[in-house]
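**Q** Single-letter residue listing:
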Amino acid sequence: MSAHASHAPAPNRSGLWDWLTTVDHKKIAILYLIAGGIFFLAGGFEAMLIRLQLMYPESSVIGAKTFNEMITMHGTTMIFLAAMPVIFALMNAVVPLQIGARDVAFPFVNSLGFWLFFFGGVLLNTSWFLGGAPDAGWTSYTTLALNQYSGRGVDFYVLGLQIAGIGTLIGGINFLVTIINMRAPGMTFMRMPMFTWSAFITSGLILFAFPAITVGLVLLMFDRLFGGNFFNPDAGGNVVIWEHLFWIFGHPEVYILILPAFGVISEIVSTFARKRLFGYSSMVFATALIGFLGFMVWAHHMFTTGLGAIANTLFGLATMLIAVPTGIKIFNWLLTMWGGQIRFTTANLFAVGFIPTFTIGGMTGVMLAIPAADYQYHDSYFVVAHFHYVIVGGLVFGLFAGLYYWWPKMFGKMLNETLGKWNFWTFFIGFHLTFFPQHFLGLMGMPRRVFTYLKDQDLDVGNFISTIGAFGMTIGTILFLVNCAVAAKSSKRAPADPWDGRTLEWSIPSPPPEYNFAQTPLVRGLDALWIEKMAGNKGMTPAEPLGDIHMPSPSFLPFLMSLGLFIAGYGFMYHVYVVVAIGMLITFACMFARSIKDDPGYHIHEDEIEEKGVKA
Amino acid sequence: MKGWQQFWRQLSLFGLLALVLTGCGKDELSALKPSGPVAAMQYDLMKLSSAIMIGVFVVVMLIFTYVLIRYRKRPGQQGIPKQVEGNHALEILWTVIPFLLLIIMAIPTVTTGFALGKVYSKEEAVQVTVTAHQFWWEFEYPELGVSTAQDLVLPVGKKVQFNVTSADVMHAFWIPALGGKIDTNPGQENKIWLQADKAGIYYGKCAELCGASHALMDFKVEVVEQADFDKWAAGMKGVQSAEPVAATAASAAQGQEIFNKSCLGCHAIAGKGGKMGPNLTNFADRERVAGILAHTPENVAEWLKDPQKVKPGNNMPNLNLDDAQVKALVDYMSTLSVK
Amino acid sequence: MATHQANAVLPDEPEKATLEGKNKVLGFWLFLGGETVLFGSLFATFIALRDQANGGPTSQQLFDMPLVAAATLILLTSSMTSVMATLALHKKDLKKIQLWLTITVLLGLGFLALEIYEFVHYVHEGHKISTSAFGSAFYTLVGFHGGHVAFGIIWIILLQVSAVKKGLTVVTAPKFYLASLYWHFIDVVWVFIFTVVYLMGMIGGKVG
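Protein chains in written order, with the working numbering: chain A, 1 to 616; chain B, 617 to 955; chain C, 956 to 1163.
Next up, chain A with everything else stripped away, as it sits in the complex (with noise of 0.2 Å):
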């Protein structure tokens, strides 16, 4: 950075604009946090109508084709459009404050990626209007997901993932390169905390799983609007190979989300029992070994498929491995707490009520992942139980928990722990009320994915037990909104550190100055601000004396180029190639005017930054 260079005024912010043109990392995890919000409450409408639909057998609440539409949204949406987000939201949070960085490598490629995906769920669940939403299942499987077996709401499902799936890409390019490049000095990769560790390994799944998605979702689209034969069997085509892209990207997206969850969790419950995290090294071996061997497993979900025994032995064996790994992280933690004093916030709740449920989860994996006694759990309800636990008791938890314990940082204010014990409590017993019985129901005949079930085969007071759990869940997830209403409302102001916190972020204010750091600091080991406390040093040691700092310019562009995709996609849908042509040219005048104008940014003055050094 050219100190030198000229002073661009700071630009003016206020309102509207600000949010829609800035690139400040930690602006945009709150968008995230909005946007994915939004999306998550959108999933869980769509998921009370179908526990409300499955209620009582051969009822009618919203009938066949609706309950598709709405198992297909479901899925669609907590995975994209809620999950991921939220990850984002943490990543985007947190990670710069965890490394000591100013912002993340790439601040305009940041905001486009909020962008992509913002317009990408939009985009999607603009289906609802329009004709109707996508039917064919959130694994949209062929023949049934082509043109002669579903709507046009499966276009939408194609165009809208494909443009949010280009947003996360970016999303997770940015992250590694932020973490590569930009560590304060002193932070070794082996001294990263165990979320940045977590955001690391999630960006490289990926980088390397999204582009697989990206293949298949093009495929489909060709079969889809321009008479292609890919999964067309008339034609030569095969409609496996749909199988194994998605699943090539499904698997690791399954680690992606679960990864996050595990470095939260690791923050909190070592924060909470005030001890280091037991057996670091092994943390980061452990999740360095499940995000590689996420690869190697994609067929465990196809082993009904008929790819033959061999197959699928050997994608069962190496799914069991991996049972190995994620043993070691569910022992590291319960020693982490050994010897601890620990305090149960209720970040901390749901860490902890995190552990016995994600086992739970890891436990019915590993039945899984024998494929003779897969044949009879595969597609039936034991799976729907067995990746709710993972995926709600796993990653759901650890969003809860990491919301709580970094909503100060992100907001500058506390969230009621009162209304938050009651929050996890409805939320904890719900949960396992709708899932627990759901294992039963399968092994008892249910198979997944159906609108209704007979009178006569003893279904009734699973599926009954499994809806009442629900509310509870929607009680728990309207306190949290509750919560978050009070806490906007407070004008209390949460101090720096609430939490005797040990790792950089809690070294600055809440929330911190757009700078985030006055001066870089100097990382002496794991659990940097710890250190720094134990020694009996108010903050961190500055590694650059106080100077003019230099920050990138909010920009449009992110929003036009997003728009752009979004307004293309209708076009292709509808097939109007004037619609297409209007949207392309604004994204690739987007383009244009990025390359050819530099963002020469601005500087902060010395004499603006509002604390000397760097503060506990």
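Each hint should be verified, as a subset may be incorrect.
From the structure, some residues in chain B lie toward chain A, with a derived Cβ separation under 7 Å [as the list claims (entries may be wrong)]: (1) V712; (2) P758; (3) M786; (4) A831.
Just some of the chain A residues that point at chain C, by a computed CB distance under 10 Å [claimed, not checked]: (5) G204; (6) L207; (7) L219; (8) G228.
Hints listed in this document are in silico derivations from the structure and should not be mistaken for laboratory results. Model, not experiment: these values are computed from the prediction. Beta carbons are placed, not taken as given, at the ideal position from N, Cα and C, and that holds for glycine.
Using the hints provided, position chains B and C relative to the given structure of chain A.
**A** Just chains B and C, lined up with the frame of chain A:
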């Protein structure tokens, strides 16, 4: 915090739940009530793996509970806990033990996997070609020259080799009480063998999302003694190699006329008719109407009046029949028996 | 970054002289990693479907060695000229960069022209995206590559034009470097297409 007390209360609730639930499950439908060697092998694997896993869970929960009670922060507690970096012995221990447990599971995984993957020739097993349609099942016995739909008839105690495919979208062929499932891929043929050791009726399901009426794509498996099976097959073959028999009763004859005009294009009876819809040669012998409704004249009539109401999205159009026509058709169809 | 003063003291390896430059180079390498998976998936799909001509023309009937060999030669030459541009970049010689990139662009255009001619010819022979699974897979894989070439050409031209005004700085240097890297990557992809699609296609039946 009284967290762990609530937790235990909950755990006991689950225990109770589990007891209530595991006791249930219909003999005809539940994978937990195996009625053949395939389902039994799979049930054994389930029991072995869940036993090991529950063992692991108990260990985790014991440590978990101890830690939460023993090491919670007490009021007025001072000092900093010892910062432990790790413990190699422990870490090796909980890497090696799970690995050993996995090996215990891996052995039957391999052996059972290959046992189930076997393909039996026509000398060793009854051959059945299964073709899945939206939303019904077609069963052909190529060796016996018999074709039927919705009700699969099998001899007791004999291996059955299924060759499965689909005519439209992907479905999955699943008879939980007899054994796990296999996908029916359009354009490809998959193989699975099953065997029923007890005579009786079993429920079959479609397990892969296949459209609006996926939930209603049930079928029945009628397992009978070998002699009865032979008799049934001979009867079917006899009927299917001849023209449909003319109905005698007046109403049934009128029904047959309607049938020949409006239905025969898609549905075959005896040796005549299309293959778009289910073969109706032995319709009157079926366990259920459309795979789901009790086999009563009222339900047959309900289906004929509006098939979309019973099975949304199925390929049968509403023929707009009046009540008299429906009655005539029902009368005719109740004569379609080979028993 | 101010442009006027950076030029005077342009450091060695100017593409990695600033943190922004380093980030871009690393980020782009990672992006190419993702692109590798993308093309890998397309190749796998193509290999699975290449014999499914569905009664339409097969690869043995279609492919014409001289045409494809010419296209390959052109593209490989352009790969070399793009490397020359990078070498010129390390010598901080903008004129040479411009010269080599211009040749690269011209060769790229030649390649694209041949490819378009080839596609038009195939369509006349009845080989379309909708003819068969083989047709779909062929046009998607080769077309994706062609699209990458076209994008590269536009990108390089854009860089060349804007460099006339901006000169060679620590801001423009990484862009030249990345464009050259990108060009190199699509050439490597072509080598695989040449082998898997064309060579294996022409000997057909004997392999796989």
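**Q** Would the hint on A831(B) be counted as holding, given a Cβ-Cβ threshold of 7 Å to chain A?
**A** Because about 3 Å separates A831(B) from the closest Cβ in chain A, which is inside the 7 Å limit, the hint holds.
**Q** Does the interface hint hold: is L219(A) within less than 10 Å of chain C, judged Cβ to Cβ?
**A** 7 Å, holds
**Q** Hint validation: P758(B) versus chain A, beta carbon distance must be below 7 Å. Holds or violated?
**A** 19 Å, violated
**Q** Should the hint that M786(B) touches chain A count as held when the rule is a Cβ pair under 7 Å?
**A** 5 Å, holds
**Q** Under 10 Å is the threshold here; is the Cβ of G228(A) close enough to any Cβ of chain C for the hint to stand?
**A** Since chain C brings a Cβ to about 4 Å from G228(A), closer than 10 Å, the hint holds.
**Q** If you take the shortest Cβ to Cβ gap from G204(A) to chain C, is it below 10 Å?
**A** 9 Å, holds
**Q** Does L207(A) meet its interface restraint, that is, does its C-beta lie within less than 10 Å of any C-beta in chain C?
**A** 5 Å, holds
**Q** Double-check V712(B) for me: the hint is only fine if its C-beta lies closer than 7 Å to a C-beta in chain A.
**A** 9 Å, violated
When the structure is compared with the earlier hints, violations turn up for hints 1 and 2 and for no others.
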